[in-house]
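K.L.:
Sequence:
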Amino acid sequence: MFREEKAQIAKKFMMHERDTGSTAVQIALLTQRIRHLTEHVKRHKKDIHSRYGLQKLVEKRKRLMKYLKRTDYRTYVKVLKELGLRDVK
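Be aware that the sequence shown starts at 1, since it is given in the working numbering, and climbs by one per residue.
FYI, nobody ran anything at the bench for these hints, they're computed from the structure. Computed from a predicted structure; not experimentally measured. Ideal Cβ positions, reconstructed from N, Cα and C, are used throughout, including at glycine. There could be a bad hint or two in this list.
As the list claims (entries may be wrong) - List of simulated lysine-lysine pairs, DSS-like, C-alpha gap at most 25 Å: (1) K56 x K78; (2) K62 x K45; (3) K6 x K60.
Stated by the list, open to error - Ranges between beta-carbon positions, derived for each pair: (4) Q8 x V88: 18 to 28 Å; (5) R18 x Y52: 32 to 42 Å; (6) H16 x H44: 36 to 46 Å; (7) R74 x R43: 32 to 42 Å; (8) V77 x D19: 15 to 25 Å; (9) M14 x K66: 15 to 25 Å; (10) L57 x F2: 17 to 27 Å; (11) K45 x A7: 29 to 39 Å; (12) T20 x Y73: 14 to 24 Å; (13) E82 x E39: 12 to 22 Å; (14) G84 x E4: 13 to 23 Å.
All chains should be built: construct the whole structure from the sequences, respecting the hints.
P.N.:
Below is the structure:
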């Protein structure tokens, strides 16, 4: 992922001007990495290490989404809508 692409994604979910580490920004960046890695794994079916890394990223995003849902539901709904994700149980 390029620096400009990351900055553009972060800008969309920032709470304030210098916000780069809030939960919403982290979820958005992880989602972009997951989508990129998913395409890689589809092309390279035998790349087991990347598949394992993808699973770890998905689990991390899931934990962050549960936290965001518990602490700031309004932002959680916004993130789901913007990224096209499903509700976490």
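K.L.:
Hint by hint, say whether it matches the structure.
P.N.:
Quick rundown of the hints versus the structure:
Between K56 and K78, the direct Cα distance comes to roughly 24 Å. Compliance with the 25 Å bound is thereby established for this hinted pair. Note on K62 and K45: the hinted pairing holds, with a Cα-Cα distance of about 24 Å set against a maximum of 25 Å. Between the alpha carbons of K6 and K60 the distance comes to roughly 18 Å, so the proposed pair stays at or under 25 Å and holds. A hinted range of 18 to 28 Å holds for the C-beta pair Q8 and V88, which are about 25 Å apart.
R18 and Y52 have their C-beta atoms about 34 Å apart, which keeps the hinted 32 to 42 Å range intact. Hint check: H16 to H44, Cβ distance near 40 Å, so the stated range 36 to 46 Å holds. A hinted range of 32 to 42 Å for the beta carbons of R74 and R43 is consistent with their spacing of about 38 Å. At roughly 19 Å, the beta carbons of V77 and D19 sit within the given window of 15 to 25 Å.
At roughly 22 Å, the beta carbons of M14 and K66 sit within the given window of 15 to 25 Å. For L57 and F2, the hinted distance range of 17 to 27 Å is satisfied, since their beta carbons lie about 18 Å from each other. Taken as a hint, the range 29 to 39 Å holds for the pair K45 and A7, whose Cβ atoms sit roughly 33 Å apart. Taking the beta carbon of each, T20 and Y73 are about 23 Å apart, inside 14 to 24 Å as hinted.
For the hinted restraint 12 to 22 Å between E82 and E39, the CB-CB distance of approximately 20 Å keeps it satisfied. Judged by the Cβ atoms, the range 13 to 23 Å given for G84 and E4 holds: they are separated by roughly 22 Å.
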